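First to last, the protein sequences are chains H and F. The numbering used here applies: residue 1 is where the first sequence begins, and numbers increase by one. The numbering used here applies: residue 1 is where the second sequence begins, and numbers increase by one.
Hints were generated in silico from the structure; no laboratory data involved. Every value quoted in this text rests on a predicted model; they were computed, and no experiment measured them. Nothing false has been slipped in among the hints.
Note: identical chains are not told apart, hence a pair may lie in one copy or across any two.
Listed next, the in silico DSSO-like pairs over lysine-lysine satisfying Cα-Cα at most 27 Å (straight line):
no. : residue 1 : residue 2
1   : K186      : K243
2   : K298      : K268
3   : K224      : K280
4   : K74       : K57
5   : K268      : K280
6   : K298      : K345
7   : K51       : K243
8   : K224      : K272
Number of protein chains: 2
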Amino acid sequence: MRVSVIGLGKAGLPLATVIADSGIHVTGIDIDMKRCDLINLGTNPINEEPKLQELIKKHGGKTLFATSKYEDAKDCGVFIVIVPLFLDENNNADLSVLRSVFNNIAGILKKGDIVVLETSVPPMTTETVVRNWLEERSKMKLGEFYLANSPERIMTGFSISRLREFPKVIGGVDEESGRKAYDIYKLFIPNLHLVSSAKVAEYIKVIEGCYRDSNIALANELFKISNELGINFFEAREWANHKYCDIHVPSTGAGGHCIPLYPWFLIKEMEKRDGNLNAKLLRTSREINDEMIEFWVKKIIQEGKKLKKPFPKVKICVKGITFRKGVKELYRSRNLALVRLLSDKRADVFVYDELFTKKEVQKLGLKWGKPEDADISFDPFNLILSVS
Amino acid sequence: MRVSVIGLGKAGLPLATVIADSGIHVTGIDIDMKRCDLINLGTNPINEEPKLQELIKKHGGKTLFATSKYEDAKDCGVFIVIVPLFLDENNNADLSVLRSVFNNIAGILKKGDIVVLETSVPPMTTETVVRNWLEERSKMKLGEFYLANSPERIMTGFSISRLREFPKVIGGVDEESGRKAYDIYKLFIPNLHLVSSAKVAEYIKVIEGCYRDSNIALANELFKISNELGINFFEAREWANHKYCDIHVPSTGAGGHCIPLYPWFLIKEMEKRDGNLNAKLLRTSREINDEMIEFWVKKIIQEGKKLKKPFPKVKICVKGITFRKGVKELYRSRNLALVRLLSDKRADVFVYDELFTKKEVQKLGLKWGKPEDADISFDPFNLILSVS
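Only chain H is shown next, with the shape it has when bound in the complex:
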């Protein structure tokens, strides 16, 4: 048996290598040909994932073969899709990448093949949209092929240990699909659980993200209230938290490919239905997290106005633009949004981020500079605002 993994990014590549490491031949597919070449040469293209290096060196170009052509995967019996998903400007899931991937798979799908979606999607996507795409294009019916969902639970920097230790769920569009997909996955995922359907598997991942988003929003709201009351939030949090209480850390908001997307899956689904269940906690949480940059910009401007300079001449350095510390990723980064908001307020703001060169920063249309040249610097990861 050969397994194809479609998408060799931060989530897909660790999965592909873990499958290869279990002794199964893997055909990895990615549109980025350069990345495929690197992998086939045994080189890890993901800097943030140090544990990956060893596995790629061992299997890259051997049991793990990377390619940009779907044809190369036509002898595979299992297709695992793990590509990124974005939201459109109205916060609806943009399924265009997935559609193209599943159309390509359908073109080479054979009787008895198993297809598993790992990308986090709105609940019911697998059993409705994905099934339709596969059936229409392959001219086969479910039962001739099998379809399941097993949401990735990757966290950049910890992906290999997540795959080897963290609980992972899998659920089929029908019972047979669930059982067949489970039997395959069990070969390379030790902590695997078969759930009753694909939509339960999808929902599990989504509500985990909603928990994170709402709890980040709660921490942010309580942080703003402490600030108003002159209370040191971190002191209070230290003693409020215990076995049954887990107040999160405040931040500049929630960014990246996961947390800010999942609440929208449910908000939008509830919007479509003609009920009065409008997911108001999820909505409010999203608002609070998105508004946090306004709180910080106000704070920074307040500090700036204390200096003996007209405000537009106050030099402000923001020490980080990625959505998370140490991960070179800007999708929905609130720290990048914070820099842009300061610019909009006519502040003289520049950026220093260890993960980006001066040129890369300038390419984003931002000024680059060193913290030591600033009057005020703000570290968005540790929420430290310092005046020089």
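Once you've looked at the hints, dock chain F against the given chain H.
Frame of chain H, contents of chain F only:
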């Protein structure tokens, strides 16, 4: 040294006995003279607190003396206030009980005495309102007496172990008050931490309650969404939860003396201030939890309409009216509110609750009946709706 504990209820009595058990003489004050008599006879008046029995038998009427007269406590050097607090109809904290207690204490307060408030209050109550009451009435200034806050962290049924194991914080209105109160408390609370101020101590308790309320609201919202999508919430929750994810259990809302009150402390404080920080997550969480009974009433009525009877003739039994299972307490009970809402909808609803006699149920203006006589019964603690 003698310690006075004012309030011998579900929170105060366990504390008083734990202090007595550490070898310190305690004068307990409670307005309920019958309760005082029971305690002095060595009888535990709180059924839900079985571990208390042994301590009361050992110390009641001996090192723990209960009385209704403040005069009896005039030789005490430490006064600990642990009385209930309610919200008024506008959800503002009603401080009238506290005012009366502190006026009484001020009447017998001596130089060098230490006063500690344990009742959970809106942040800054101790340093402003309570301090003023004591200074005005005692004609002494802070520094002549000492004032601190150490919020109780009791949970009915586990109060003794909470006092002996759970982390507890204490903070002074000024530094000296904090240190002095800490030194006393350390004699009977093993896991004690001195925090930087009384308001930090108050805030710690309040945000812990906010965490609970918002997470119950999140569970309730996600539960309603699963219901809409035809997903078994409990299956999804089982696999969504792990070390970093703690989705709570859904319910009929949050009742009792603690969780539904604390968010209001912060919401109301933010309302007073002329900012745009309106604590919207805390507000939304309160709304969701209070609205849960509407969801359940709708569910019950839907089930009722499936039966071959006109709806007003469908017999409905609600199996529990207390705010929490096993605790005979109706304050802000959403289960009681659920029964009343069903009545308002002209349902033939009756109540069965192991903790209440038929007469007690009828005194509340409710019908009493047995589940076996119902067409539909609803267990609000386990969310089980069954049709006979």
